[in-house]
Amino acid sequence: DGGITQSPKYLFRKEGQNVTLSCEQNLNHDAMYWYRQDPGQGLRLIYYSQIVNDFQKGDIAEGYSVSREKKESFPLTVTSAQKNPTAFYLCASSLIGGGTEAFFGQGTRLTVV
Amino acid sequence: SQQGEEDPQALSIQEGENATMNCSYKTSINNLQWYRQNSGRGLVHLILIRSNEREKHSGRLRVTLDTSKKSSSLLITASRAADTASYFCACRSQGGSEKLVFGKGMKLTVNP
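Heads up: the sequence lines are chains A and B, in that order.
Going by my numbering, the first sequence opens with residue 1, and the numbers climb by one from there.
Going by my numbering, the second sequence opens with residue 1, and the numbers climb by one from there.
The set of hints was computed from the structure by calculation and includes no laboratory data.
All values derive from a computational prediction rather than experimental measurement.
Hints should not be assumed to be uniformly reliable.
[What the hints assert, rightly or not] Dumping the calculated DSS-like pairs for lysine-lysine here, alpha-carbon to alpha-carbon at most 25 Å:
no.	chain 1	residue 1	chain 2	residue 2
1	A	Lys14	A	Lys71
2	A	Lys9	B	Lys107
3	B	Lys69	B	Lys99
4	B	Lys26	A	Lys57
5	A	Lys70	B	Lys99
6	B	Lys99	A	Lys57
7	B	Lys104	A	Lys83
8	B	Lys104	B	Lys56
9	B	Lys104	A	Lys9
10	B	Lys99	B	Lys26
11	B	Lys99	A	Lys71
12	A	Lys57	B	Lys104
[What the hints assert, rightly or not] Some chain A residues well away from chain B (every beta-carbon gap over 10 Å; in silico):
no.	residue
13	Thr20
14	Leu27
15	Lys71
16	Ser80
17	Gly99
[Stated by the list, open to error] Computed footprint of chain A on chain B; a stretch qualifies when at least three of its residues, placed anywhere within it, have a C-beta under 8 Å from a C-beta of chain A:
no.	stretch
18	18 to 26
19	58 to 64
C-beta atoms are modelled at their ideal positions from N, C-alpha and C, and glycine is treated no differently.
In isolation and in its complexed conformation, chain B is listed as follows:
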C-alpha cells in the first residue's frame, strides 16, 4: 500500500506564481521526503523533514509537517518553467525499518 497521497494530482500555473502540493500519510513516520521526477528519468531528492520538525526551507522550497494531521505540504515559490515535473512525497516509518514508500505523485506544469 502507498503511504503518501499527494493532492492535487495535477496542477497548472503561470510562471511566477506559487505552487502548493499536499501529502497525507497513514502511519507514524520517522521522516518525510519530497522528490522530483522529470519525464522518463529517475527521481531527485529535494528536501527531508524529520518527524520532530515543523517547517524547513531550501531555496524556493518550503516544507511543512503536521504529525497530528499526518500531512505535509511543499510550497514552490516564484515558479519557473523549469519546475515543470512530477513531485512525490515519500515516508520512512518509525521502527527502524529502511522501507521507503512513495505516494502516487503530482504533475506540476508551469506555463511560461
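Next up, chain A with everything else stripped away, as it sits in the complex:
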C-alpha cells in the first residue's frame, strides 16, 4: 500500500537530549514537510523540502534540523536547543507543481520527561 509512515507514535525524551523522528513515504512525492501542533492549536511549519539534498526553513525552524538524503525519507531531529519540544509532530508529502494535495502521516507525540 502507498502511504506515509511516521515512527515512533509516542516518544519520550529527557531534557538535553537530541531525538530523531522518522518519516518515510512510498508515494514518489518530491515535496515533504514537517509540522508542529500544540494542543488546540494549528499546524506550524518547521521545515520543508522540494527535492533531494535541499530543504528550506519554515516558520519555527530554530532548535530543529532535517536531512533529505533520499526521496523517500525526511527525518526530523529535535535538538537540545529546542526549549519547549513537547508537541505533536506531523509529517506530510505531496507532488510538486502546487496544485496537489498533501498526504499526512499519523503523527509522533513527543514528550519531554
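Could you slot chain B onto chain A? The hints should help.
Positioned in the frame of chain A, the structure of chain B alone reads:
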C-alpha cells in the same frame, strides 16, 4: 506566520444542520485547500480550489473562494455526528514555492 485564519474557532451544531467555516489569508495564493483532522490523528485532504476557481463541490462539501477579499468558505451540508473533527485551511502561495501553510483550525462538534 500562519497564512490562513479560520473563523469561527469552534462551532457546535445539531445533526442535519449545515456548518459553515471561513478562512482568510494574507498573500496571493496558487490554491487553497481544506483538511480535516480527527483528534490525535493526521490530517486528511478534503478539497482543493485553485485561484482561478470560484466554487467547487465534492459530495456534501461546497467550497468558495473570493480572491479579492482573500477569503474562502467551507460548507458542510446535512451534517452528521461523524463530521465532528477539526477543520483546517491551507494555502500555497504564488511564486513556485511548495511551502504549504496552515491556519489554526476550527473545531466542529455535531451533536446527534
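The hints, checked one at a time:
Between the alpha carbons of A:Lys14 and A:Lys71 the distance comes to roughly 31 Å, so the proposed pair goes past 25 Å and is violated. Note on A:Lys9 and B:Lys107: the hinted pairing holds, with a Cα-Cα distance of about 23 Å set against a maximum of 25 Å. At roughly 22 Å between alpha-carbon atoms, B:Lys69 and B:Lys99 fall within 25 Å of each other, so this suggested pair holds. Taking the CA atoms of B:Lys26 and A:Lys57, the gap is near 20 Å; set against the 25 Å cutoff, the hint holds.
Our distance criterion of 25 Å between C-alpha atoms is met by A:Lys70 and B:Lys99, whose separation comes to about 19 Å. Between the alpha carbons of B:Lys99 and A:Lys57 the distance comes to roughly 10 Å, so the proposed pair stays at or under 25 Å and holds. A hinted pair counts as satisfied when its Cα atoms are at most 25 Å apart, and B:Lys104 with A:Lys83 qualifies at roughly 22 Å. At roughly 23 Å between alpha-carbon atoms, B:Lys104 and B:Lys56 fall within 25 Å of each other, so this suggested pair holds.
Annotation: proposed proximity of B:Lys104 to A:Lys9 holds, straight-line Cα distance about 23 Å (limit 25 Å). Only pairs whose Cα atoms come within 25 Å are accepted, and B:Lys99 paired with B:Lys26 is accepted, the gap being roughly 14 Å. Restraint check for B:Lys99 and A:Lys71: the C-alpha separation of about 17 Å stays at or below 25 Å, so the hint holds. Between A:Lys57 and B:Lys104, the direct Cα distance comes to roughly 20 Å. Compliance with the 25 Å bound is thereby established for this hinted pair.
With 10 Å as the threshold on Cβ separation, the claim that A:Thr20 sits away from chain B holds: the shortest Cβ distance comes to roughly 19 Å. Distance to chain B confirms A:Leu27 as a non-interface residue, since its nearest Cβ pair spans about 13 Å, more than 10 Å. Every Cβ of chain B is farther than 10 Å from the Cβ of A:Lys71; the closest lies at roughly 14 Å, confirming the non-interface assignment. At roughly 26 Å, the least C-beta separation between A:Ser80 and chain B is larger than 10 Å, which holds for a residue marked as non-interface.
Some Cβ of chain B comes within 10 Å of the Cβ of A:Gly99; the nearest lies about 6 Å off, and the non-interface call is violated. Counting residues of the stretch 18 to 26 of chain B whose CB lies closer than 8 Å to any CB of chain A gives 0, which falls below the minimum of 3, so the coverage claim is violated. Only when three residues or more bring their CB closer than 8 Å to a CB of chain A does the claim for the stretch 58 to 64 of chain B stand; here the count is 0, and the claim is violated.
Going down the numbered hints, you'll see the structure goes against 1, 17, 18 and 19, while the others check out.
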